[in-house]
Structure formats: C-alpha cells, structure tokens
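Novice: Single-letter residue listing:
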Amino acid sequence: MRLKMDFMGLSLKNPVMVAAGPWSRNPETIMRSLDAGASAVVTETIAMEVRQNVRPWIYSKNEGYQNVRLYSDHALEQWLIFIRQIKKEGGTVIASIMAHSPSEMAYIAKSVYKAGADAIELGLSIPHGEGVAVMGSDPDHMYNSVKRVIQSVDIPVMVKFSPHVTNISELAKVVEKAGASGISAIDTVRSIIGVDLETSKPLLATYGGYSGVPIKPIGLATVASIAQSVKIPVCGIGGISNWSDGLEYMMLGASTIQIGSAIMTLGSEVISDVIEGMDKWLEQKRLRAEGIVGKALSNLKSFDEIEILPYKAVLKDACPESSCETCVVGCLVGALEKKNGNIVYHQELCNGCGLCVSLCKDQNFELKWRL
Amino acid sequence: MNIRDVAQRAGVSVATVSRVLNHPDQVTPKTRERILEIMKAMDYTPNWFARGLNLNRTGVIALLIPNIMNPIYTEIAKGVEEVAHNKGYYTLLCNSEDSKEKEAAYIEMLLHRKVDGLIFIAGHLDPDLMTRIEETRLPAVMIGKIEGNWQFSAVYTDYFEGARKATAHLIENGYSGIAHITGNLRFIESAEKLNGYREALKNADIQINPKWIIGGEETIEGGYLAAKRLVRNPNPPEAIFIANDWMAFGAIDAIKTEGFRIPEDIAVVGFDNNRMSGLVEPKLTTVNLPVYKMGLTASRLLFDEMDTLSSTSESDEKADQKQQIFLPLTIKVRNSCGHQDRIKAIFGE
Numbered sequence: 035m036r037l038k039m040d041f042m043g044l045s046l047k048n049p050v051m052v053a054a055g056p057w058s059r060n061p062e063t064i065m066r067s068l069d070a071g072a073s074a075v076v077t078e079t080i081a082m083e084v085r086q087n088v089r090p091w092i093y094s095k096n097e098g099y100q101n102v103r104l105y106s107d108h109a110l111e112q113w114l115i116f117i118r119q120i121k122k123e124g125g126t127v128i129a130s131i132m133a134h135s136p137s138e139m140a141y142i143a144k145s146v147y148k149a150g151a152d153a154i155e156l157g158l159s160i161p162h163g164e165g166v167a168v169m170g171s172d173p174d175h176m177y178n179s180v181k182r183v184i185q186s187v188d189i190p191v192m193v194k195f196s197p198h199v200t201n202i203s204e205l206a207k208v209v210e211k212a213g214a215s216g217i218s219a220i221d222t223v224r225s226i227i228g229v230d231l232e233t234s235k236p237l238l239a240t241y242g243g244y245s246g247v248p249i250k251p252i253g254l255a256t257v258a259s260i261a262q263s264v265k266i267p268v269c270g271i272g273g274i275s276n277w278s279d280g281l282e283y284m285m286l287g288a289s290t291i292q293i294g295s296a297i298m299t300l301g302s303e304v305i306s307d308v309i310e311g312m313d314k315w316l317e318q319k320r321l322r323a324e325g326i327v328g329k330a331l332s333n334l335k336s337f338d339e340i341e342i343l344p345y346k347a348v349l350k351d352a353c354p355e356s357s358c359e360t361c362v363v364g365c366l367v368g369a370l371e372k373k374n375g376n377i378v379y380h381q382e383l384c385n386g387c388g389l390c391v392s393l394c395k396d397q398n399f400e401l402k403w404r405l
Numbered sequence: 005m006n007i008r009d010v011a012q013r014a015g016v017s018v019a020t021v022s023r024v025l026n027h028p029d030q031v032t033p034k035t036r037e038r039i040l041e042i043m044k045a046m047d048y049t050p051n052w053f054a055r056g057l058n059l060n061r062t063g064v065i066a067l068l069i070p071n072i073m074n075p076i077y078t079e080i081a082k083g084v085e086e087v088a089h090n091k092g093y094y095t096l097l098c099n100s101e102d103s104k105e106k107e108a109a110y111i112e113m114l115l116h117r118k119v120d121g122l123i124f125i126a127g128h129l130d131p132d133l134m135t136r137i138e139e140t141r142l143p144a145v146m147i148g149k150i151e152g153n154w155q156f157s158a159v160y161t162d163y164f165e166g167a168r169k170a171t172a173h174l175i176e177n178g179y180s181g182i183a184h185i186t187g188n189l190r191f192i193e194s195a196e197k198l199n200g201y202r203e204a205l206k207n208a209d210i211q212i213n214p215k216w217i218i219g220g221e222e223t224i225e226g227g228y229l230a231a232k233r234l235v236r237n238p239n240p241p242e243a244i245f246i247a248n249d250w251m252a253f254g255a256i257d258a259i260k261t262e263g264f265r266i267p268e269d270i271a272v273v274g275f276d277n278n279r280m281s282g283l284v285e286p287k288l289t290t291v292n293l294p295v296y297k298m299g300l301t302a303s304r305l306l307f308d309e310m311d312t313l314s315s316t317s318e319s320d321e322k323a324d325q326k327q328q329i330f331l332p333l334t335i336k337v338r339n340s341c342g343h344q345d346r347i348k349a350i351f352g353e
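Residue numbers (the numbering used here), protein chains in the order written: chain A, 35 to 405; chain B, 5 to 353.
A couple of the hints might just be wrong.
So these bits of chain B aren't anywhere near chain A, every CB distance computed over 10 Å [claimed, not checked]:
id	residue
1	D29
2	R141
3	I150
Across the chosen pairs, the derived CB separations fall in these ranges [as the list claims (entries may be wrong)]:
id	chain 1	residue 1	chain 2	residue 2	range
4	B	I350	A	D230	16 to 24 Å
5	B	I350	A	E204	26 to 34 Å
6	B	G178	A	L237	34 to 42 Å
To be clear, the hints were calculated from the coordinates, so they are not data collected in a lab.
Everything numeric in this text was worked out from a predicted model, so none of it was measured.
Quick reminder that beta carbons are idealized off the backbone N, C-alpha and C, glycines included.
One chain only, chain B, in its complex shape (with noise of 0.2 Å):
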C-alpha cells in the first residue's frame, strides 16, 4: 500500500494527500480530516525512512537550551514546539547545561544526524560552534542577538532596556539605595542588564555602590545567597532589583528569613515574569520577558526559512533572506516593589 492508494480511496491528488503528510497547514482542516481518517482506516503509516530519503528531510527541528531547570526555556521550548506540531514536525529538546562539551556533541549529533533546522540561544553557544553551523546551511535561527556577523535569522529583545526600565520603577517609587544580584555576567543578557542598571542610576544622579552589586548562580540558591549577602550588610539596600525571577525567589526568602518585610523594609524587582512570578507573597514585581512569543517566533522563522530552502523557485524570496524580529519588554507591576500607582499594575506600561 502507498500514498495512491490513499489518494485513490479519497478521491484526491496524491500531491494533496502528500500535503497533508508534510505541510498540513496548506490543507483544510476538513480535507485534512478526511484524509488522515482513510489513512487509519486503511492502516497505511508512510514510510518515514523513505519519506526523509525522497524530501531530504527528516521531520524533526532541534532546540538547544541551555538550561532545563529554568522555566523561561521551557515556556520558549512550549512556543517552537507548538508551531512545529502544527507543521507536522518533531521537536528535538537539547539540554547543554551550559557546558561546552555537552554543547559541542549536540552540534556534531545534529549535524550528523541532519535535523532539518535548529533554533539556539545566543549567547549560550561558543562562536566556533555558530560558525559551523553558518558553514553547513543548516536553516538556524537564534534567539537573542548577538554582535558579530553572523547570518541567521534572529529573534531578540532588549535587555538594557529591561533593566533599565526596572530600576527607574524603583526610583520613581522613591527609592535610591537600589542593589543589583546579577546573573552570570559571562552571558550578555546579564551584562545587558548590569548597564541596565546602572543607566537608570546614572540617569537620576545616583551614586553607585559597588559593594550592592553582587553576583549569583542563576538559580533560587544563588539569589537566596546573594541577598542574604546584601542583607547582613550594616548598610543594606531599600531595594534590589534581581537579574531573574528564580534567583528573586531566593532572595525574598532570605529577606523574609532575616526578619525584613517585602516591600516596607525592602522592595524587590526581578526579572523574566516566569509563571510563579504572580504565585509567590509578595507577588512579584518583574520584567516581562516574551518567552512563549519568542519561542512561537522563532520556529516560524525557522519554518519560513526551510520553506524557502526547499522550494525551487527563488523568484518571490532571496534563500539566504535573514529575518530579525525585535519583541520589546514591559515591566509587570505587583507587590513586591512598593509602588503606589495602580493604573500602572493595571495597565503596565
């Protein structure tokens, strides 16, 4: 039994058929229904090891993460892996741990393996890598932005801006003894975010204390330390603003730990607005950080991508057509700083 066989019995094409196996998106739902109903009734799977030989394809997309433990990439894994269930493909979740060994085998497995198009963090791969990738074509896109020049589409945001938008919050709420925990300032998000903060500082005559710049782990652990660093501290901060939520879980814990009271004694901003954001006392005041979107938008750029790489006629795109999508960031106003504007928690900015 093949794929005529099923375009027979359906009374279509077998390129309509074939569409529904692999862009099912171009197909009615009804059509889409109907066919995929006969090709049960008929016991007919296609022929996958075929499938990829004939298309030069394998249905599958990789996802490379750094970190599984944080939520923000599962919420960016949940939007590539949405987009590519509904073009019909797999998604591939790899977990570098941040580890350059780890990072590399997942290349050289891709690549191998030919995974039809991959989606990365930038900033968490080491150049080399990136420049392999360049080189063998594989459709990439990255989310982040990074300098360089490097050709891949991108989806990135603006974490200076982030950050400095959470501190100038701080100061609009009358604070000036604002600290920063910062995150691994090896990546540039978190390097962004330290300028972040100390533009808004600069920006409102406020003398930096270097001594409340302190640096954490990037998980609950590290923020819990860092602020309890901060808090023991004979001058401790009115207010300190946290490079990630997971790491302002920490340091609310801490804070409360040390007899402080989250905001009277010591308000808190974090930053990404991860799901718990709104469940933890006080609720979270935060950054907005896009992360569902920007993982929807990503694979729709990778599909975009592989799309153009696999039609023949170049005559409505350039192949190596780069797209950059900017998402900007909000700040999610709730408890934890002090504030005293409601219209804003309402409507955020």
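So here's chain A without its partners, still in its complex pose (with noise of 0.2 Å):
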C-alpha cells in the first residue's frame, strides 16, 4: 500500500519499472522482471523494420555501459504476440516504440495499441544511428509525432527524453501540450567509452549510448527540469542501482522510476531489492510513495535565492588516518596540512566550499557559520 501509485492513469503496486533494453526483449525476460515484482515492464524498442545489431555493442567499464545497439531484433507482428503474452499472463507492459515520421508512428502504436499494451513509451531519443541531432530535439517533430500517436490510441503515451537538448523545459510543454500523459527521462548520453592506446581504435566502433551509474546526476537534472516545466507525470530512468537511487529521482520529480542497466550486472534481484528497500525506508519514515514525490524540488534554488552565508569548515574530531591526505590535496586554498598523522587546519584561508565535507571517507567536517 505504501508503494502504491497512480501513474497516467495506470494504478501500479509499486513506482517501480523496468526499462525499454535488451532485459525486455522477449516475453521470458520481461516475466522474470515482472515476477522479481517490477509494476511494469518497458519492453525493447519495437520498430517497422528489423535491422542487424552489429557486433560486439556493447561495452562496461567502471560501472557504466556504452551500447551501439538499436532496436529489437524481433518484427512488430512477433511484438503483437509477445504482448498478448504478457497480458495473458497478467502483466503490465509498455511498449517502446520508435519511427521516422508521425504516420509510422501512430502505425505501430496502433498495433501495439490493439494487442492490448497498457501504454505506449514513445523512443525518439536514441543517441546514435539517427543523426547528430537527436529526434527527439526537434519541438515540431515531437509535436506532431505525440499528437497523431494519441489520435490512433486510447492508452497512455509517454515520450522519453534525451538529455542532448538545451530546450529541455520547451520539449516538455511541447509533448505536453500535444496530449502526452508522460514524460520519461533520460534515454542514453552519447558517449565514446575509451579509446585502446596500442590500437588507436575506440573500444567500440562507433558512437554510443552510455547507461549505468556515472548517468545519474545528468538524468536527476533532467527529471527535476522536466518536472519544474509541466504537470504531467515523470518517469526518473538512468543509473539506479539502489533503493535511494530510486527515492532520489522521485524527490525529484519522478512519480515512477525505470531500472536497466544494472539489471546486467545484479540481475533481477535489483528490482526486488529497490522495492524492498524503498518500502522499509518509507515506512521508517511513516511515508508513502507518493507522499515524496518532488519533495526535494522546494530546496532546489536560483543562485539568487542562495543566500551566501559565512559557511567555513570545521574538523570534527581528530583525524582517525594517519596516512590518508585526501583533505590536503584537495583544498583548495591550503587550508588544511598533515603534521605528525593530524590535520593542521588554518581556518581564516578556509572559503567555505565545501569539498573536504564530501571528500572525507570519515565525514569528519562540516560547515559551520564562522563569522
């Protein structure tokens, strides 16, 4: 009950989702997700046409994934079986769909409309294989792609974002004014993962989307944005491995989340354990899900609104690491010295920036008014 929520219309038993990628590409990994209790399931992009993913495509590397993969491998006519599948078996799903004009899309929403998908996430912001400029950027095209998908169903449709756009605020009154129920944020950054020195060869060969944990805070600022800018509901999507990754998208907007890449490397279990431990926080907290929903937004500021205050640092206890100078290597003003295995702290150099509070393993400053 805690978890409960409402999203365009859809009652789910809880905010958590699993994302349009290779984890949802058939009916046996979209169940799996289901059974590991996500309240629905995006399923892999479904297109007109069945193009080759090339290999390898994808690539991991200090926890973030870049893939150069494209859409499902499967034709719409298998999705359409897929999904009556799914609904069969009692699961919520949602269709990812992705095409080049607003009649193609409205086609294949249709389709998947009348096979009896729950709501339809529309993928227009794939970073690679479709220009430099993301679909997705483009209001008009935006506009006019939601509005003839909403003319050819009568299901929710959410639009998913891109974080490659500068007009974030105007695509979200865009798609909102066009009749989209929702907006989910972020898709994948375009991203180069690495280069191999002895090759001169990029580690995958050629432009990519980068998932996984490093994403977070760009899909968090997203998400905030997007809900600052419009009524209807966001769906937080990029990097979340843990519960509070979760709660943290949903302080910020998110009504519901979407998990992905880490369902690679945890496998399912990820999902139950985010709903577990979203569900034992809130009720620590005496909190519902939908009780925090953009809770944090309040506390989100213009610089004007920050006021600057006489904020310094201040060593809590002695330091207990005698050989880490993680704190003197970081000030940056020369605040901080290491004599005999103890911090030597030269207050009035110290400008209050706060480093040393987040660098500290041992969290042991804080800033404290010092007038």
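Both chains are sitting in their own frames, so use the hints and assemble them into the complex.
Specialist: Below is the structure:
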C-alpha cells in the first residue's frame, strides 16, 4: 500500500518499472522482471523494420556501459504476439516504439495498442544511428509524433527524453500540449567509452549510448527540470542501481522510475532489492511513495535565492587516518595540512567551498558559521 | 481426416487449429509448433480448394512491380513477402516491365483468379486499371503517392525533398556546376526528383544550365551513356546528381573511362541506396530510399485491410478506412560526393 502509485492513469503496485532494453527483449525476460516485483515493464524498442545489430554492441567500464545496439531483433508481428502473451499472464506492459515519421509512429502505436499494451513509450531519443541531432530534439517533430499517436490509441502515451537537448523545458511543454500523458527521462547519453591506445581504436566501433551508474546525476537534473516545467507525471531513468537512487529521482519529481543497466550487473534481483529498500525506508519515515514525489524540488534554488552565509569547514574530531591526505591534497586554498599524522587547519584561509566535506571518507568535516 | 480430428488429437478447439492455418500470428509459437507437428504426424493437409471456397479466400496476395531488374523492387518484394509469409500467405510476383499490355493482362488475371489483395507501385499503373481495381473493392495498397482522388491505402515518400537534399548536399560541399541525369520523366518520381534538383539550385541562386539536365534510360547502360554525354561536353559539370543508383553505377564507369577522377574532378550523388552502393568504388553517396521498409509497411497495410474486410463486426474500425504512411528520406553520405563532413557520414543527417 505504501508503494502504490497512480501513474498516467495506470494503477501500479509500486513505482519501480523496468526500462526498454535488451533485458526486456521477449516474454521470458519481461516475465522475469515482473516476477521480481516490477510494476510494469517497458519492452525493448519496437520498430517497423528489424535492422541487424552489429557485434560487439556493448562495453562495460567503471560501472558505465556504452551500447551501440539499435532496436529489437523481433518484427512487429512477433511483438504483437509477445504483448498478447504477457497480457494473458497478467503483466503490465508498456510498448517502447520508434519511427521516423508521425504516421509511421501512429501505425506502430495502433498495432501495439490493439495487441493489448497498457501504455506506450515513444523512443525518439536514441543518441546513435539516427542523426547528430537526436530525433527528439526537434519540437515540431515531437509535437506531430505525439499528436498523431494520441489520435490513434486509447492508452496513455509517455515520451522518452534525451539529455542531449538544451531546450528541455520547451520540449516538455510541447509534448504536454500535444497531449502526452507522461515523460520519461533520460535515454542514454552519447558516448565513446574509451580508446585502445595500442591499436588507436575506440573500444566500440562507433558512437553509442552511455548508461549505468555514472549517468545518474544527468538523469536527476533532467527529471527535475521536466518536473518543474509541466504538470504531467515524470518517470525517472538513468543509473538506478539501489533503492536510494530511486528515491532521489522521486524526490526530484519522478512518480515512477525505470531500472535498466543494473539488471545486467546485478540480475533481476536488483528489482526486488530496490522495491524492498524503498518500502523499508518509507516505513521507517512513516511516508507513502506518493508523498515524496517532488519533495526535494522546493529546496532546489536559483542562485539569487542562495544566501551567501559565512560558512567555513570545521573538523569534527581528530583525524583517525594517519596516512590519508585526501583533504589536504583536495583543499583548493591550502587551509589544511598534515603534521605528524594530524590535520592542521588554517581557518582564516578556508572559503567554505565544502569539498573536504564530501571528500573525507570518515565524514569528519562539516560546514558551520564562523563570523 | 479433417480439422476436427486434428483438434481432438491436440486437445484444442477447432477454432485454434483454424487459427494456426489462417492467422498463425495469433497463436503462441509453442501451440502453433505443437499443432503443426500433430498435423504432420497425422499427415493432415488442409483442403486448400475447399478452404478457399469456405473462406472466400485464396491465401495469395499479388505484388505488381514495373521492373524486376531494378534492385529496389526486389527489396520491396522482400518486405512484402516477409509479412505475407508470417501471415501464412503466398506472394505472387508480377513484373510488368512498364508495359501497359502486360499490366492490363496481369490485373485482369489477378481479378479473375481472385487474389486476396494487391500491392502496386503508384505512378506505374494506368489510371484506368486503378479505377478498375477500385471498383472491384479488392483490398489494394499502393507504394507511392499520386495526384487524384484514389481511395487506396498507401505508403509513400517525398522524392522532391530527397532530390533537393541531395543537390543541396553537393552545394554545401562547394559545387555549383551541378548536372542532373534524370530517370524516365513519364514517371512521377523522376519528375519530382528533377523538381527537387531545380529547387535546390534556385535556393542557392545558381543558374540552371539546361544542357546539364540529361534524360537516360533507367539502367546501368542508360547512366553510362548520359554521363558520357555530360563529361564529353566542352564544359563538363563539377558534380552530377543521378536519379537512381543503378544509373549512377554506369555513370561512375563512364566518368572513369573518360579519365576523370571521382570525386576530385567530378562528384557523383545517386538515389535509392541500393545494396551495391556501398560496394562500388568510390562508395556512392546517395539518398536512402527505405524500400524494404516500404514493402513491409505496404504488406502490413494490405493485411489490415483484408482483416477489416473479413471481420464481420465493424465496431472498432470503419471498413473503408484507408491509411497513409509517410516514410522520410535521408542522405547516406559516402565518398563519391567529395564531402569533408565525417560526422554527417557517421550519423547521417
């Protein structure tokens, strides 16, 4: 009950969904996620034409993934069977679809709607294989696509946003005006995950989409911006691998969240772990999921609103790590030095930047007023 | 032995077996495989003739194309056939060679034999024949769009815009002396390409040189001959936009034979992005015509129409609802256009 969430008219048992991607490539994988507790699963993206995927198409490094995969390997007709099958088994399924024109998009939308999909996610934001400017960065194209799809179906339509746009607020308003029921964000971030120095070759042969833990801050900012621009609900995506990640997205305005890449490293158990962790936290705080949506947004300030206060760093205790010098190296103004294993702090030099507070692994610094 | 025996053996309803035969896409793969295996084991084959009579259906759709030698039509056929096969239908391929007599004979034959549906290429079919098809109310879908008040579902694209983009791409690369080898201007797509070429030059304030617009037969040889005429001109162009890739291959050969380098001396841009375009030397910059997708889409529209016609209830969809699907064109930048824009080559537009 605590986790129950109404999202775009869908009554969900919890806010945790699974994102479009290869972990949602057929009924077996989708049912696995649903069995793990996901309230809904977004399919791998369905297109009019199956394009052969290149190999290799994914590379993992430092908790991030670059992928150069395009869309599902299954034809539209196959997906219609899959959707009917999932519906028969009682699952909630959101069809991720993509197309190059509004009429084509509407056609696929109508097909998945007739097959029984509970909702649709428009995937116009893939950062590779579809142009330097992502399709979803053009407000007119977005408006026309959303409008045509909405005229063709009678289920909620959510639009997936790219972080590769500077006009995020305008775009959000455009799709809201076109009648979208929700916005999900973010799609992957255009990336080159690295270069092999010996061969001078990028680790994957072309530009790809970056996902996983490192993209979470980009996702959080995008979700907050969308939530502050429109009234339709937002679904947070990007680097969610534990319950607190999910709650952070929700506090910044997401009503629901989607887990993706984490399933590749942690298995579908990550879904139940996130749900359980959220539930426990909410129980402790005597809160309901619905109650925390957007709770942190009012604390998000403009520069004008941030009061300039005489903060300085304060060392809470004597440093227990005689060999650690992270704060000393990090201090930009030389206010910290280490003598005989102890931190010597020159408060008059400190300008209150706060770096030592987040750098110290013992959390031994705090900022206090020092007039 | 009949369908009831199969249903009994499989422990399913007659309706399920019937669906395996008539709408295999509506049966889960597992059940479908199991029932097909039982049919095989029982040596059961449906009585197709009786089936046709019962359902007033033949299980065959037809695709009428103008030229089987042009690879864009074989790719269209691939898309059409793939969807039909999935639905348990056969595809009859009719090649008219752009002959009015052959077209008429095919249409009469198709209407007479009662195929279940027809896909044809707009602008290549005589309007009288289109009227005839329309009157019979045979489910029919056209690939391409033509002027007039035709009541057909269609999948279409914008040849004008594709040609404009291709020519504009050459202008962006610094060319102004741009020639155009047209296709057969009797066909609307060729005329639209010519207009797109003109529009791009007009937008860039480049004077159109009528001597640089040459028509050719839509074959490799046609492209070869037209390009020879252009490059032997005392004032040869710096770049040529060619109405289709097939002709462009011939043109590339002609330009090389005349001792010119591509793209250093003369740049070339084609149209279609057929499968050979990435293999010729230099690799051909062209307009990507999503032909396979056009075939898939046309076939899907046709089956939608056939399904609507056969479903007795008209509650969810009007029987005469026609669908129009637009597929946009993009430029595939390769090496023959002398581009400096690597990012455009990687990402497209």
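Novice: State for each hint whether it applies.
Specialist: Each hint tested on the structure:
1. At roughly 5 Å, the least C-beta separation between D29 (chain B) and chain A is not larger than 10 Å, which violates its mark as non-interface.
2. With 10 Å as the threshold on Cβ separation, the claim that R141 (chain B) sits away from chain A holds: the shortest Cβ distance comes to roughly 23 Å.
3. I150 (chain B), annotated as away from the interface, keeps every beta carbon of chain A farther than 10 Å; the closest lies near 17 Å.
4. Between I350 (chain B) and D230 (chain A), the C-beta spacing of about 19 Å keeps the proposed range 16 to 24 Å intact.
5. Separation of I350 (chain B) from E204 (chain A) is about 28 Å and conforms to the stated range, judged on CB atoms against 26 to 34 Å.
6. Checked against the given bound of 34 to 42 Å, the beta carbons of G178 (chain B) and L237 (chain A), roughly 35 Å apart, stay inside it.
The structure fails to meet hint 1 from the earlier list, while all remaining hints are met.
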